[in-house]
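Build out the structure end to end from the sequences listed, making use of the hints.
Chains S and F are the protein sequences, given in the same order.
Position 97 of the first sequence, counting from 1, maps to 97 under the numbering used here, and the rest follow consecutively.
If you want the numbering used here, it's the 1-based position in the second sequence plus 381.
Source of the hints: derived by calculation from the structure; they are not laboratory data.
Covered stretches of chain F, as calculated for chain S (at least 3 residues, CB under 8 Å):
hint: 1; region: 396-406
hint: 2; region: 414-425
hint: 3; region: 556-570
hint: 4; region: 580-587
hint: 5; region: 732-738
hint: 6; region: 742-749
Subject to a maximum C-alpha distance of 27 Å in a straight line, what follows is the list of computed DSS-like cross-link-like pairs (lysine-lysine):
hint: 7; chain 1: F; residue 1: K752; chain 2: S; residue 2: K261
hint: 8; chain 1: S; residue 1: K44; chain 2: F; residue 2: K752
hint: 9; chain 1: S; residue 1: K367; chain 2: F; residue 2: K425
hint: 10; chain 1: F; residue 1: K748; chain 2: S; residue 2: K44
hint: 11; chain 1: S; residue 1: K367; chain 2: F; residue 2: K642
hint: 12; chain 1: F; residue 1: K748; chain 2: S; residue 2: K261
hint: 13; chain 1: S; residue 1: K295; chain 2: S; residue 2: K245
hint: 14; chain 1: S; residue 1: K361; chain 2: F; residue 2: K742
hint: 15; chain 1: S; residue 1: K261; chain 2: F; residue 2: K742
hint: 16; chain 1: F; residue 1: K686; chain 2: F; residue 2: K676
hint: 17; chain 1: F; residue 1: K676; chain 2: F; residue 2: K642
Here a beta-carbon is modelled for each residue, glycine too, at the ideal position from N, C-alpha and C.
There are 2 protein chains.
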Amino acid sequence: MNKQKGFIPGLEGVVAAQTRLSRVDGQRGELIIAGYPLAELAGKATFEETTFLLWHGCLPTQTELTAFQTELAQLRPLPGATLTLLQAAARKQIPPMDALRMAAGTLSLDMGERDAPQMAQVITARFPTIVAAYGRLLGGETAVSPDPTLSHAANYLYMLTGAAPSAAQTRALETYLNTVVDHGLNASTFAARVIIATQSDMTSAIVGAVGALKGPLHGGAPGPALDMVFEIGAAERAESYLREKLERGERLMGFGHRVYKVRDPRAEVLGIAAERLFAADGDMALYSLAKSVEKTAVALLAEYKPGRNLQTNVEFYTALLLHGLGLETALFTPTFAIGRIAGWIGHCFEQLENGRLIRPKAAYIGKTHLKWQAVELRTSQ
Amino acid sequence: MNKQKGFIPGLEGVVAAQTRLSRVDGQRGELIIAGYPLAELAGKATFEETTFLLWHGCLPTQTELTAFQTELAQLRPLPGATLTLLQAAARKQIPPMDALRMAAGTLSLDMGERDAPQMAQVITARFPTIVAAYGRLLGGETAVSPDPTLSHAANYLYMLTGAAPSAAQTRALETYLNTVVDHGLNASTFAARVIIATQSDMTSAIVGAVGALKGPLHGGAPGPALDMVFEIGAAERAESYLREKLERGERLMGFGHRVYKVRDPRAEVLGIAAERLFAADGDMALYSLAKSVEKTAVALLAEYKPGRNLQTNVEFYTALLLHGLGLETALFTPTFAIGRIAGWIGHCFEQLENGRLIRPKAAYIGKTHLKWQAVELRTSQ
Chain S
1 MNKQKGFIPG LEGVVAAQTR LSRVDGQRGE LIIAGYPLAE LAGKATFEET TFLLWHGCLP
61 TQTELTAFQT ELAQLRPLPG ATLTLLQAAA RKQIPPMDAL RMAAGTLSLD MGERDAPQMA
121 QVITARFPTI VAAYGRLLGG ETAVSPDPTL SHAANYLYML TGAAPSAAQT RALETYLNTV
181 VDHGLNASTF AARVIIATQS DMTSAIVGAV GALKGPLHGG APGPALDMVF EIGAAERAES
241 YLREKLERGE RLMGFGHRVY KVRDPRAEVL GIAAERLFAA DGDMALYSLA KSVEKTAVAL
301 LAEYKPGRNL QTNVEFYTAL LLHGLGLETA LFTPTFAIGR IAGWIGHCFE QLENGRLIRP
361 KAAYIGKTHL KWQAVELRTS Q
Chain F
382 MNKQKGFIPG LEGVVAAQTR LSRVDGQRGE LIIAGYPLAE LAGKATFEET TFLLWHGCLP
442 TQTELTAFQT ELAQLRPLPG ATLTLLQAAA RKQIPPMDAL RMAAGTLSLD MGERDAPQMA
502 QVITARFPTI VAAYGRLLGG ETAVSPDPTL SHAANYLYML TGAAPSAAQT RALETYLNTV
562 VDHGLNASTF AARVIIATQS DMTSAIVGAV GALKGPLHGG APGPALDMVF EIGAAERAES
622 YLREKLERGE RLMGFGHRVY KVRDPRAEVL GIAAERLFAA DGDMALYSLA KSVEKTAVAL
682 LAEYKPGRNL QTNVEFYTAL LLHGLGLETA LFTPTFAIGR IAGWIGHCFE QLENGRLIRP
742 KAAYIGKTHL KWQAVELRTS Q
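Below you can see the structure in the form of structure tokens.
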């Protein structure tokens, strides 16, 4: 393929948006969420507060927060047709991210004409209902109806299990959702911006983002990091297991990050959250095992990949924390979407404000003046 | 808002892909489709031939074409859950593009694990089934099952009306679908590329593209151009009507194009196709009226906007041709999608081959070191 002048593969280094939502500083290992360093916000805010912050640029007052919580809570129940679709998908054992994408596209069915801010609330409120219902349907159980008296995060855990969560469990999930709420112009966020930039609707943009998040290159596959901990099984086996893996040239899932060169600030926040969760409600044996595996892995990575500074990343602690909350591995990425949706929507608001179509160019590298040939004259090429 | 250095609004002028699918040359008024000038291909190829050309880089031999037609024809029936969803959407009178996006997302429901080339066929084969079924359901009629003995285009017209179309009608629709099959890196095509570049699935990419195509800034709203012809009603009223509109500073829908400065090559091809269709099967009075309106509009535009060279664009003839085929205005954009899907999928194949994530950067323009404040201490901003 001849390289066309000007083609920028992957749009690497191109600045495609201006944002007030988050700043990812890989060199300094810093993540700012709408003005707040992640560690300042993630462990304190409810998910409703963080969502309000991203959409309005400031944390809500008590009056604003109460109104916002109430609006979201009322919007949680799904349209009948959405539930019917999820049941059909569960009968076919469709993977949860596909089911989430299908269901998300139908969320406007009982809404009539709604503007972007209204649909933003509808979609955000209903993502946990979709994921929890589908998780239960996949396992042959019936869906649990949302409880409007619970917070967004607590209600998600309630719909998953049928039991109200502890305060420690709710706090752990809030911290997780806040931690993954936004992360610069990642591929799913960019997909949402490209779609909404045509002045299409919020649902279309979010469905596109879910589709992009599904892709293995997007990152965010926390399952394998935990699988490794389970495979190791006991702290004394960690070193031999990991050493063999590294000798074979395999990657250790849950360590290292493309952008963060020093440390992943999200791993730090989630590590603290996981420790608190396990101390309060969890299986401390699993937690201790995971910490041993982590310590051994970081030490061995320094030995095998000197100078690379490969640290524990967000996926390692995500897996530990979500597992500690009782989630199946298959629901990890859909739960990531439940958090990230607030960021996707915030980016959509910014893009709508900017009001401009995103339309780069393609360089044509094909032929130009072929002549039509009737089908009977064509030969295999 | 302080302008961040390097931000490229709309990614204007940035080359984000290399393609062999189409070349849009606005200065010369030329459109190349996979090596063929549009006029060389559009009026001769069946839609199956054009689709094969875009996906494989060459026109099919007779054997290849027969196999491809047969495969597509067998895939046309929709999953039961998709039809149920369309019925629910019709009860709520959801607009057709929303219904198409919802239904498209569910097309893998009866397919199990399929790779990208297989899903490409499934989605392409089923788009006309969705649109025709939904058009009928919206009008309170029952869906017509696809007829596997008819070509892709003929079967779409059959499913819309319940009657097999004439050869002239089928040819007119083939020419239309071929004409809109690809057009560089427009916003919906770019959305599909961003999504598939994460190595997500074909369905996710196409659902994203449909969502982008919905947006008013995407272009492709052929309804209004025809509405104007109907409002004028008689050739002798064209000049006064159009002159008044121009005096009021209003835009004439169906004339002028952002990219094509000389003439829109698609308008030329569709103009010929429309004339043939109306001569064979159509309402020649409407055709003559439309031609009068066009002639008057182009003359008046030269008078009111000298030097701008505002010519008839693709939307004007699209509206005339699709109306001549008996389509409701509400189905014009979904029918556009039935053609463009072959291009979307061709771009997805190219992007998968390239194998690289599309991930530009955002410039952060917000604050950086805010301190957490408890909710009761916050004041309205």
